[in-house]
Every structure is written in structure tokens, then in C-alpha cells.
Amino acid sequence: MTEPVLVLAGLQKTFGALKVTDGVSLSVAPGELHALIGPNGAGKTTLVHQISGMLRPDTGSISFRGRDITALPPEKRARAGLARTFQITSTIPSLSVLENVALGVQARAAHPLALFRNAAHDESLNGPARAAIEAVGLADRAHVLAGSLSHGEKRALEIAMALTLEPAAILLDEPLAGVGREEGERLIALLRSLKGRYAMLLVEHDMEAVFALADTVSVLVYGRVIASGNPATVRADPAVREAYLGEEG
Amino acid sequence: MSSADAAAAIPAPTRRRPVIAIILFALLALLPVAVSLGLPPHWLTLLTRAMIFAIAALSLDLILGVGGLVSFGHAAFVGIGAYATGIMITEGQTETLLILPVVVLLCALFGAVTGAVSLRTRGVTFIMITLAFGQMVYFLAQALSAYGGDDGLTLYERSTLLGFEPFKNRTGFYYVVLGVLIACYGLISVIVASRFGRALRAARENATRVAVTGFRVKGIQLLAYVISGMIAGLSGFLLANHTDFVSPAFMSWPRSGELIFMVVLGGVGSLHGAIIGAIAFLLTEDVLSGLTEHWKVIFGPMIVLFVLFTHGGLVGLLRKLGLGRHD
Amino acid sequence: MTTGLLIVQLLNGLQLGILLFLVAAGLTLVFGVMDFINLAHGVQYMLGAYLAVTFVSLTGSFVLGLVLALAAALVIGLALEFLVFRHLYERNHLDQVLATFGLILLLNQGVKIVWGAAPLSVPVPEFLAGNVALLDGILYPTYRFALIGSGLAVGALLWFIVEKTRTGMLLRAGASNAPMVSALGVDINKLFMIVFAFGTMLAAFAGAMAAPILSVEPGMGDNILILAFVVIVVGGIGSIRGAFVGALIVGLVDTLGRSFMNDLLRLFMSAPSARAAGAALSSMLIYLVMAIVLYVRPEGLLPAKGRA
Chain A
29 MTEPVLVLAG LQKTFGALKV TDGVSLSVAP GELHALIGPN GAGKTTLVHQ
79 ISGMLRPDTG SISFRGRDIT ALPPEKRARA GLARTFQITS TIPSLSVLEN
129 VALGVQARAA HPLALFRNAA HDESLNGPAR AAIEAVGLAD RAHVLAGSLS
179 HGEKRALEIA MALTLEPAAI LLDEPLAGVG REEGERLIAL LRSLKGRYAM
229 LLVEHDMEAV FALADTVSVL VYGRVIASGN PATVRADPAV REAYLGEEG
Chain B
-19 MSSADAAAAI PAPTRRRPVI AIILFALLAL LPVAVSLGLP PHWLTLLTRA
31 MIFAIAALSL DLILGVGGLV SFGHAAFVGI GAYATGIMIT EGQTETLLIL
81 PVVVLLCALF GAVTGAVSLR TRGVTFIMIT LAFGQMVYFL AQALSAYGGD
131 DGLTLYERST LLGFEPFKNR TGFYYVVLGV LIACYGLISV IVASRFGRAL
181 RAARENATRV AVTGFRVKGI QLLAYVISGM IAGLSGFLLA NHTDFVSPAF
231 MSWPRSGELI FMVVLGGVGS LHGAIIGAIA FLLTEDVLSG LTEHWKVIFG
281 PMIVLFVLFT HGGLVGLLRK LGLGRHD
Chain C
28 MTTGLLIVQL LNGLQLGILL FLVAAGLTLV FGVMDFINLA HGVQYMLGAY
78 LAVTFVSLTG SFVLGLVLAL AAALVIGLAL EFLVFRHLYE RNHLDQVLAT
128 FGLILLLNQG VKIVWGAAPL SVPVPEFLAG NVALLDGILY PTYRFALIGS
178 GLAVGALLWF IVEKTRTGML LRAGASNAPM VSALGVDINK LFMIVFAFGT
228 MLAAFAGAMA APILSVEPGM GDNILILAFV VIVVGGIGSI RGAFVGALIV
278 GLVDTLGRSF MNDLLRLFMS APSARAAGAA LSSMLIYLVM AIVLYVRPEG
328 LLPAKGRA
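Residue numbers (my numbering), protein chains in the order written: chain A, 29 to 277; chain B, -19 to 307; chain C, 28 to 335.
Treat the hints as calculated values from the structure; they're not laboratory data. Be careful, since some hints might not be right.
Cβ-to-Cβ under 8 Å is the rule here; a few derived chain C residues that face chain B [said to hold, decoys possible]: (1) V35; (2) L38; (3) L41; (4) L121; (5) D122; (6) V124; (7) G129; (8) I253; (9) V257; (10) I259; (11) V260; (12) Y314; (13) V316.
If you want the ones that stay clear, here's a sample from chain C, every Cβ over 12 Å from chain B, calculated [said to hold, decoys possible]: (14) T86; (15) L241; (16) R293; (17) A307.
Idealized CB from N, CA, C, for every residue including glycine.
Isolated chain A, as found in the complex:
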């Protein structure tokens, strides 16, 4: 068996008296799509923030590609190949789609902050950016400002930005939230096309999508993983049915 890309070991995080992350351990293998589900307030986004470095866990460790990254700031994790998208879409509204994606390419280029080299017409940035834009199906929107994209297009743009990091793992925080049916189907197809190439941790409410896409499903309730395994097993788990799936009716 191959080494997992991402390993969480005993993560704990409390806000005041509230344990939002309560001893979470899980791992994601290369190419695996690991879905994380759970009712609202289960602490899913808080967990993603800890993995991406925007929050620091109280105890526990995060290792990525065999290296302990628990104390690294977000930008170093990103440079190490850990990409993420946000529950509330996060792009640079006044830059075009191409520029947004090229910013990601730039981060991994030899001189990411060159002071005097023009960025807008730099083929070494725009080339890979175009490829990522094609891959997520935004080619005809390349010169539109990110701020004027539709919601689903912004989601796709975020994924394109994640791809330019040449990531070993991508954290996807509810990529389908607030997206209409048609755009949702397009995004699911996009995620399916990426499956196998990147390790992905997918936080999602859309059960249909989760069970269609995931290799492994973990269920988070009140900051604690109550079940983890292949989709069929998790679906059949009585504790999960009671705590979570039952509510879905």
C-alpha cells in the first residue's frame, strides 16, 4: 500500500467551552477522493481551516507528504502542494479569470514576485493558466472579471486556481453549495475528471454527489469522526443513519 498524502492525527480545537474538533484522525491516500460529511455545525469547515493553516489546532498533528506541517503558515502549505477552495467562494474579483489562475501559476514560478517583469503578457504564466482554465471549462470566460462570473463559474475558477499549484492534495469546502442543478452537474463531472489524479478531501452536503464520487466517506458529528469507510459501509452504519442520514429523510 502507498503512503498516504495527508494524515491528521488526533486534532483538537476548542473555541471557549466548545470542542469544535474533538480528536479527529484520518488519512487520504494519493488519488483518493475522501468525502467528509456531517450535519451543520459538525466542525467541517473548522477542520479544513486547520488543514490549510488558517487555524492552528490546540493539539494533534497534520502531516503532508510525510512532513509535519502543523506549524506552517498557509502560504508554505500551499507551496508544498496543498491547495484549497472555500465554502464562500474566494477569488480576486477585479482580476480576470486568466489573471486569477495565472496568479497561482506565478506562485510556483521561478521568480514569483519579479518586480519589473510584465505579468499580463507572460506566456510562461498564461500558458499553464490557459490549460487549467480549459480543464475546468471556463475557456470562453477567460477575459471576464472574476467578480462578474456566475456562482458555479466561480467555483470552477477556484478549482482551476487550485490546479495551478500542481497540488498533491486539494481540500474542497462544499464546492456544490449554492450552485444550481445544471452547473452542479457540470462541477460533479469536473470533479470526476480530476479523480485519481489528485488526492482530494471533499466536504459536501450533497449526498448524491458524495456517494457518486467518493472512495472513502468519513462522518463528522460534533467535531468527532463517528464512522469512516467505503460509501456502502458508511451508508449502512446504524450510528450514521441515526445521527445523520436519518435526518435527510
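Could you slot chains B and C onto chain A? The hints should help.
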């Protein structure tokens, strides 16, 4: 899909030419001609001063407009540049090639230290801290009793350049300042369009996104702050030579407020806007102060009304009239 | 340096701290609740002093003059709120800074037109004239004690209002979470007006109380405004307790630095260079303190809860 195929599907970004800036510089270059044809020479002095402030406003626009950092202490850099120049001239050193490195280094040092502290905060706290650091330099200059203290320091010589005296004659000085202004505009334009500039612009709108993309946002902002301070120091060097005088008032906090107003007046983030804003500011000041010694009673409300009723500054106004495009 | 001098300077520092607290409390409250940065807060302090000059000389009574000055300052403050400030609450900080900067230019110059550019003063009220004998036969003006006492009393009142009343509860909630307060069904505009009126009165009170001991002149509000900013940054933005602690630190450090820096430096260097370095260093001292505090705790010493 390969990137070659993608390239076929996605056209290259369009290139834009800085039309307004070119017209502006051409008009400025023609002013001495107009003076020789009978326009009062007062205009030459006034526009020289306006262009010196335009350099400072341009540098502020790099952090305020492009980087989104509202620095309320920018006059400190102008003052440091002016004082370094004034002190060196007083001590008998007039060579520009020696003064300028000192000016630029001092401003870079001050920018690096105060920037590192100020950038630990955001928003309103950043405004207050930059204001306080600016005030610190102001009081420091007041305490410099060997160099005039509160009264300021009169200069009896101007800087020289390898034996030449580029600041001696009024028209010559004018063209030197215009040249420096164009060079600064070019430099800042290049920086804004660079990889660094793109990351800086992006961080203004969404610092979190820039961080998770792999950039150290504070580092980017600090470098911009330092560069901006060095250019402002350059304008201080010119200002000291132009007024033959330096005083703590150069860096009093209303001066920083005025620089912010110049940038906003022209249109935040627009580089030629900063130049237009500075010129419009000094012309207005000149006209109003000719009317009454209490001109600030008119000017203050003008600022208030401007903020309340316009968006996008003078450049926004030009754009509404169909001149120039938004980029 | 004698013990007596030290005591006097400690009291002077305390007195500056109290004035700063009154100004900073209003500033931080307005900012905390309304997310509004009001540079014109310093000119409201100045107006308090000028109005005290006018009304004390008109009525011949310090107390009556003080009350009328406060009432007039309130009227002016509310007029400004109605005409300018309330149109800025929704704007970004840059617009707020710029518009209130314009007001400073107007009011500093306006004061020159109305009262002239020369410094004015208010006579110390007779019932507070004279000195209090401290130990070693050192005298300290009674009025300054009264200023410290009244400042502390106002501070206590403020503490009571903020901590113990319903309005205070809304203020505290508003300082950390304004949308929540409006969700509670509170008329947010009315709350803003009360907070603003409150801040104006505090600044004007500080200005009026300072009028008998400081010279009343155009621009006097600017220096205190910047010191108040330092206070807020040191204490933690939006926090009244922070403003109190920060004000005392700034008041004491500044006063003691200015009076003892020379003596301290003379231990290491000659008298003339000590004088020169002392002047420079003591004027920078509070900014250095601010920088150190920020470096260690970017959010200030006692930040308002819920505001990082």
C-alpha cells in the same frame, strides 16, 4: 488538452496604451514654452511644486491605491528626504550622487522598521499607527535644535550634480522635475504590471486567497511600503531644493492627509490620476489662498463635499465623459 | 531628581492621562460601535475649550460656563452628525478619514476667524484656586487635583453606564457585533446618535476642563487626537478599559520621559548632548512604547472581547 490548443481557444489579453498620461506629460513639457510666450512665470514655480507633490502622491498611490493600505504617515518620508538633503547641504555636501543614496537608504530603513510594526495590524489600526509614526518623525525634527528645530532650516545652496547645477535655473529645474516624474510614473507602472504588482493588487482584495495560493502577503506589502517610501523620499529631496528651506511642517500630519486627498481626488489606484490630483490640489490651493488667508474654510468643506458626492475622483469623471477606459 | 519633583511629575502624568482617557474613550466607543473613524474628534475637544472661554467670560461663573459650553458643543456635534457623519457610516475608512480631515481644516480655521489665532485662557475658578500642600511642603494646584478627580468620576460614570445599564449592554454588544444588535430590533440609528453625542460630550468636557491649565489655541485638538490614537492602539481598539490603561501609560511615559530623560542621559553623556538627545528621545518615547506593545500584542493590551 495541451496548452497550445488552449492558446488557440483563448485570445491573448489586449494591450492598453497610457494615452491620458502621455497627453498630460506632453502638456507639462509645453508649459515653459507658454511661459516664454507670455504666461506669468509664477506658473512655472507652481507647476514645479505640483509635480514634486505628484511624485509623492504617485508613491502613495502604490500602497494606498494598488495595495489598499491607507497610510496616514506618508509625509514623513517626504520630510526625511527633505531633512537629509537639507542637513547634508548645510554641512557642505551638495553632490546629488551622494545625497540621493542617503535619502533613499534612510527612507528604506524607516519604511522597513515602521512598516514591519504597522503591518502587524490592519484597517483602522494601521491608519492610526502610520499616523503616529509620522508624528514621531515630526517631533524628532522639532527636537533637532542644531538644524533649526521648530523654525526649520534655511538652505543657502542647492544640490549639484558632478559640478553642474541642474537646480539653479527655473526652467532647468522644471524639466528635471518633469523628467523625474515621468521616470517615477514609468517605474511604478512597471511595478504595478509586474508579477509583484499583480500579487499586491490581489492581496488588496483578498489577502486570504493570496496566502493560500502560496504568497507571504505581509512580505509583499512591506516591500511595497518600502519602495513607496523611497520614492517619496526622492520628492523630499526635490522639495528641499525647490523651497530652499526644510521645516518640521513638511511632515506634519495634515500634509499626509493632503497627500491622501490628492490620490483620492485623482482617483484611487489610477497612476495618472494621482498626478492630476496633485496638480488640481495645488492649483486649487493657489487660487483659494489668493482669495483669502482663511482659504482652508473653503477648502475643508470642498473635501467633505467631494467625498460625499463623488466616486472615482477626477479620473472617474473623465471616464464618465468618455475619455479613457477603466482597467 | 527629588522625591517631591517625582510626585509632582507623577501627578502631571496622571492628569495628562485623564485628559487622554476622556478623549480616547469617546473615540474608541464611536469606533467600536459604529466602525467609524472620526478624525474630527480632536477638534471637538478644541471646541469644548473655546466654548468654555466664551461662556465662562460671559457668565462669570466657571460651573455655569462649563455647562453651557457642553450644551453648545453637543448642539454643534449633533449638527455635524446630521450633516456629515451619518452619511459616512456605510463608507469605507478611507472616505471617513478624508471627510473628517476636511472638517478639521474647516474647524481649525473657523476657530481662528471667530476667536483669533492668539492663545486664549480661562481663569482658574476661585473656589479651586490655590494649592494643596503635599508632603515635604511641596505644593500642587488644587485645580489640577479637581481635574484628576472629575476625570476619574466621569470615568467611573462611564464604567457604570457601559457595564451596568441596558444601553451599555447594547454598546458592548455593538462593539463586538453590530449586526447582532440591529438583529435584536434596536434602532441602530438612535443608538449611533446616542453614542456619538456621548463621545462628543466627553471630548468637549476634556477640552473645557483643560482650558484653565493649557493654552486654548487653534490646532490644540490635533496633538491630543494623535496621542489618543496611540492610547487606543496601545490599549486595544474598541475597549474602554483598554483606553483607560493606555491613557495612563501614555500620560505617565510622556510626562516622566520629558522631565527626567535629560537627567537620565546625563549619567552617560555631557550636558549639551544629553539635552539634545533627551529632547529627541523623549518626544519619541511614547511611539517607541506603542511600537513595542504592537510588536508583542498586535491587538493591544486589553482588546474588546470578540474583536481580534
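Hint by hint, which ones does this structure get wrong, listed from lowest number up?
1, 2, 3, 13, 17
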